[in-house]
Amino acid sequence: MSVALLYGLVGVALAGMGLYTALAARHLLRRLLGFNVLGAGVFMLLIALGARATGAAGRADPVTHAMVLTGIVVAVSATALALALLRRMHASEGSARLPEDRAP
Amino acid sequence: MSVEATLLDAVLAALLLWLGWRALASADLYKAVVQFMVFGLLLALAWVRLGAPDIALAEAAIGAGLTGALLLDTLARLGAAGAADEPHPLRLTPARAGVALACLLLVALLAATVLALPADLPGLAPQALAALPASGVSNPVTATLLNYRAWDTLLEIGVVLLAVLGVWILDAEPALPRPAPDPMLGLLLRVVLPLSVVTGGYLLWVGSHAPGGAFQGAALLAAGGVLWHLAQPLRLSASLPARAAVVAGFAVFLAVGIATAVLGAGLLTLPPAHAGALILLIEAVAMVSIALIMVALFAGRAPTTVDGRQ
Chain A
1096 MSVALLYGLV
1106 GVALAGMGLY
1116 TALAARHLLR
1126 RLLGFNVLGA
1136 GVFMLLIALG
1146 ARATGAAGRA
1156 DPVTHAMVLT
1166 GIVVAVSATA
1176 LALALLRRMH
1186 ASEGSARLPE
1196 DRAP
Chain B
31 MSVEATLLDA
41 VLAALLLWLG
51 WRALASADLY
61 KAVVQFMVFG
71 LLLALAWVRL
81 GAPDIALAEA
91 AIGAGLTGAL
101 LLDTLARLGA
111 AGAADEPHPL
121 RLTPARAGVA
131 LACLLLVALL
141 AATVLALPAD
151 LPGLAPQALA
161 ALPASGVSNP
171 VTATLLNYRA
181 WDTLLEIGVV
191 LLAVLGVWIL
201 DAEPALPRPA
211 PDPMLGLLLR
221 VVLPLSVVTG
231 GYLLWVGSHA
241 PGGAFQGAAL
251 LAAGGVLWHL
261 AQPLRLSASL
271 PARAAVVAGF
281 AVFLAVGIAT
291 AVLGAGLLTL
301 PPAHAGALIL
311 LIEAVAMVSI
321 ALIMVALFAG
331 RAPTTVDGRQ
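If you read the sequences in order, they're chains A and B.
Sequential numbering from 1096 applies to the first sequence in the working numbering.
Sequential numbering from 31 applies to the second sequence in the working numbering.
Simulated from the structure, these hints should not be mistaken for lab results.
Predicted model only: the values in this text are computed from it and were never measured.
Please note that the accuracy of each hint is not assured.
[Said to hold, decoys possible] Covered by chain B, per the in silico footprint, the following chain A stretches (three or more residues, Cβ under 8 Å):
no. : region
1   : 1116-1127
2   : 1165-1178
[Stated by the list, open to error] Okay, the calculated beta carbon distance ranges per label pair:
no. : chain 1 : residue 1 : chain 2 : residue 2 : range
3   : B       : Gln157    : A       : Pro1194   : 49 to 55 Å
4   : A       : Ser1187   : B       : Pro148    : 49 to 55 Å
5   : A       : Ala1151   : B       : Leu134    : 30 to 36 Å
6   : B       : Leu192    : A       : Arg1121   : 26 to 32 Å
7   : A       : Ser1187   : B       : Arg52     : 31 to 37 Å
[To be verified] Here are some chain B residues the structure puts well away from chain A; computed CB gaps all over 10 Å:
no. : residue
8   : Gly216
9   : Leu217
10  : Val221
11  : Pro224
12  : Val227
13  : Trp258
14  : Arg273
15  : Ala274
16  : Val277
17  : Ala278
18  : Ala285
19  : Ala289
20  : Ala291
21  : Ala295
22  : Ala314
23  : Val318
Note that CB positions come from ideal geometry on N, CA and C, so glycine has one too.
In isolation and in its complexed conformation, chain A is listed as follows (with noise of 0.2 Å):
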């Protein structure tokens, strides 16, 4: 099994786990953990589809390099973004969940 191949599939399951968990989870800050290790599965994929063109052209894609620090970076913004507005909640609701998932 070639390295792309291994990591790309290492990548399609981070992205599977990733998403479970930001959809069944209550704690809406597991359910961005969910989102971070989803992203994290989408980086690892596009980053092992551009390694493959090591044989090919001598060097990884760039492109999708260019892609995912992007990403990082906006994964980044957009986590901070979402906990200030689960804070927000918190304090002028006294939960860290949705209202349908308050109940015990």
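Put chain B on the given structure of chain A with help from the hints.
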């Protein structure tokens, strides 16, 4: 490929999957966040294995460091009751069966797609390398970010700017009462802050021909800034120079775009003769802006009093 490298890849892949799952499924959210940070550091190793050192640098500083610090800060502000979660947060219940099935289906579909793709495909690498002499830099990743796809990067800086504006608007709650300043932190800061400025500047400069660039430099500067904020709270949202510097990266990038549209070949089509200097200008200002924005995302906004003063 050597046996050691294959073994390393196998161990790394298994660790990434295990830590990724623990970061999601640990009942204690503090543990989950710490495992997420370790996951991020291992991810940086995986980027190196995949021939992407530019991303490894950014991942270690931003993905693992800054995201972890943001998550821990919010957990602390939620308090013990707010940060508590049920003992089996992701247990499969009948209500979640559909979600789990859909995710499994997606994973199977994606895995089948990855397996079906050709093993060797040059992608856009030949085009990116062929246009390199006219791009003004010799690192193809920097050339893609600041020249071929400068439009994407301009919008990215715009998104980051919008995020910090959102945090400043939302974050009106009083911050935690700060503990007394730690003398050790002050001492550490005196050593780390100059180092982060020097290393950030070096990464910016070296980004034109080797792994590095504005984002990696900004992440290092931001790490120093977050330490500074922990030692002595910064009030970036209250200071006019800081607010101007937060906007400067986007403004300068946009000004270059407008200048090239009016005087040159088109929006953000850099003239080859001046491309190197323009890229350095954009990167230098963007680095300071992004570093300040990242510190501001962490520091939030100083609490407002009833009459609106900070």
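Hints versus structure:
no.: 1; hint: 1116-1127; verdict: holds (count 9)
no.: 2; hint: 1165-1178; verdict: holds (count 12)
no.: 3; hint: Gln157/B - Pro1194/A: 49 to 55 Å; verdict: holds (51 Å)
no.: 4; hint: Ser1187/A - Pro148/B: 49 to 55 Å; verdict: holds (53 Å)
no.: 5; hint: Ala1151/A - Leu134/B: 30 to 36 Å; verdict: holds (33 Å)
no.: 6; hint: Leu192/B - Arg1121/A: 26 to 32 Å; verdict: holds (28 Å)
no.: 7; hint: Ser1187/A - Arg52/B: 31 to 37 Å; verdict: holds (32 Å)
no.: 8; hint: Gly216; verdict: holds (26 Å)
no.: 9; hint: Leu217; verdict: holds (28 Å)
no.: 10; hint: Val221; verdict: holds (26 Å)
no.: 11; hint: Pro224; verdict: holds (25 Å)
no.: 12; hint: Val227; verdict: holds (20 Å)
no.: 13; hint: Trp258; verdict: holds (18 Å)
no.: 14; hint: Arg273; verdict: holds (17 Å)
no.: 15; hint: Ala274; verdict: holds (19 Å)
no.: 16; hint: Val277; verdict: holds (15 Å)
no.: 17; hint: Ala278; verdict: holds (17 Å)
no.: 18; hint: Ala285; verdict: holds (21 Å)
no.: 19; hint: Ala289; verdict: holds (23 Å)
no.: 20; hint: Ala291; verdict: holds (22 Å)
no.: 21; hint: Ala295; verdict: holds (21 Å)
no.: 22; hint: Ala314; verdict: holds (17 Å)
no.: 23; hint: Val318; verdict: holds (15 Å)
This entry satisfies every hint, going by the numbered hints stated previously.
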